[in-house]
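Novice: Take the two lone chains, each set in its own frame, and fit them into one complex as the hints suggest.
Which chain is which? The protein sequence lines are S and V, in order.
Note that our numbering has the first sequence beginning at 1, numbered continuously upward.
Note that our numbering has the second sequence beginning at 1001, numbered continuously upward.
Keep in mind the hints are simulated off the structure, nothing from the lab.
Quick reminder that beta carbons are idealized off the backbone N, C-alpha and C, glycines included.
Hints are all accurate, no fakes.
Computed footprint of chain S on chain V, listed as stretches where at least three residues anywhere in the stretch have a Cβ under 8 Å from a Cβ of chain S: (1) 1034 to 1044; (2) 1047 to 1060.
Covered by chain V, according to a simulated footprint, are these stretches of chain S (three or more residues, beta-carbon under 8 Å): (3) 47 to 61; (4) 101 to 112.
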Amino acid sequence: AQKITQTQPGMFVQEKEAVTLDCTYDTSDPSYGLFWYKQPSSGEMIFLIYQGSYDQQNATEGRYSLNFQKARKSANLVISASQLGDSAMYFCAMREGMNTGFQKLVFGTGTRLLVSP
Amino acid sequence: NAGVTQTPKFQVLKTGQSMTLQCAQDMNHEYMSWYRQDPGMGLRLIHYSVGAGITDQGEVPNGYNVSRSTTEDFPLRLLSAAPSQTSVYFCASSPGHYSNQPQHFGDGTRLSIL
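With the rest of the complex left out, here is chain V (with noise of 0.2 Å):
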């Protein structure tokens, strides 16, 4: 029952390096979200999926590149990392047609940008 994965926890990279943050969710469903928690800010929404195919912006989104091409995975793609996107980074799932259900979360990654 592994529901959402997120890969890697823990990861530090220097200014202008890029990486994809990895996201796979085992429950088939339809939604799926990237967030940034900062402190003191609670979690803000940065890319969402409504499914395969289909991406949109959230509420920060700049800096970050997202696709799904398949239901289970949707990467977050930093292009030019920049100290500013020092972050938690939580990816989220839920199933779509069943709007009272929560969504459910990763385990974060942790990203230090220096």
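Bound-form chain S, shown alone (with noise of 0.2 Å):
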């Protein structure tokens, strides 16, 4: 069973408007954690915000928020005031079993960003 959704293959958005990228998770576990790394072009992983299961607030890091809805199993990212420099491939992750020695990230299959002028 698919352990990370991101059912958005591509968005756009207009530059400074908000924008929100799906992601929907799947575990038992009640102990782990969600990541969103950015890709741009260039190819490399850049983290963006984390969001642990056991936290009581959404993450705020900048223009990058979390809307984390556990009961739905939910963490979308929202990213606020869009830039052209947002352009680039968004991947929503999962930690399983924080507290149980080395736990492998599980990737979605990430959504494509255009912010267009």
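Specialist: The following block contains the structure:
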């Protein structure tokens, strides 16, 4: 079963507007973490934001925020005031068993965001 | 502030050739791992290590070997390259004890097998 689902292969947004990238996950582990990474056309993976399953508040990092709805098992990334440099591939990833040694990251298939002027 | 360094950035091999992808990190991270990225499939874990001398298999380990003789280095070996191993390979490291810390990725190695 797919553990991380990103249903939007591509998204378009105009500069300065906000955009939400969807991510749903599947786990039975009560202790997990959710990560968002950005991959620009140059190819590197850039960490954006983290949300732990026990965190009481939604994570925020500058223009990035995570809309975490635990009961719905969703962890959507919200980018406010989009910039041209936000055009990239965005990956949602999950790590289970957060306190049990190495935990692999399971990635979704990604959403390609294009920001237009 | 190098972080995770991967070499080479690009490589073309013929079927049956062997090669080693290098990965080094200067953050004293305990955990290191190798992922491959294929179109439409996200990243998948190949092998990982929780410290020097300790390695284990990930989701797609066949055709790859790893070893970890030092904290800093975690090379990935292709013993006999196959076209199915054409992919982009990422090395990552993380502190280990702090489970909410993200994995830091290298810039990737784009590998083509002819």
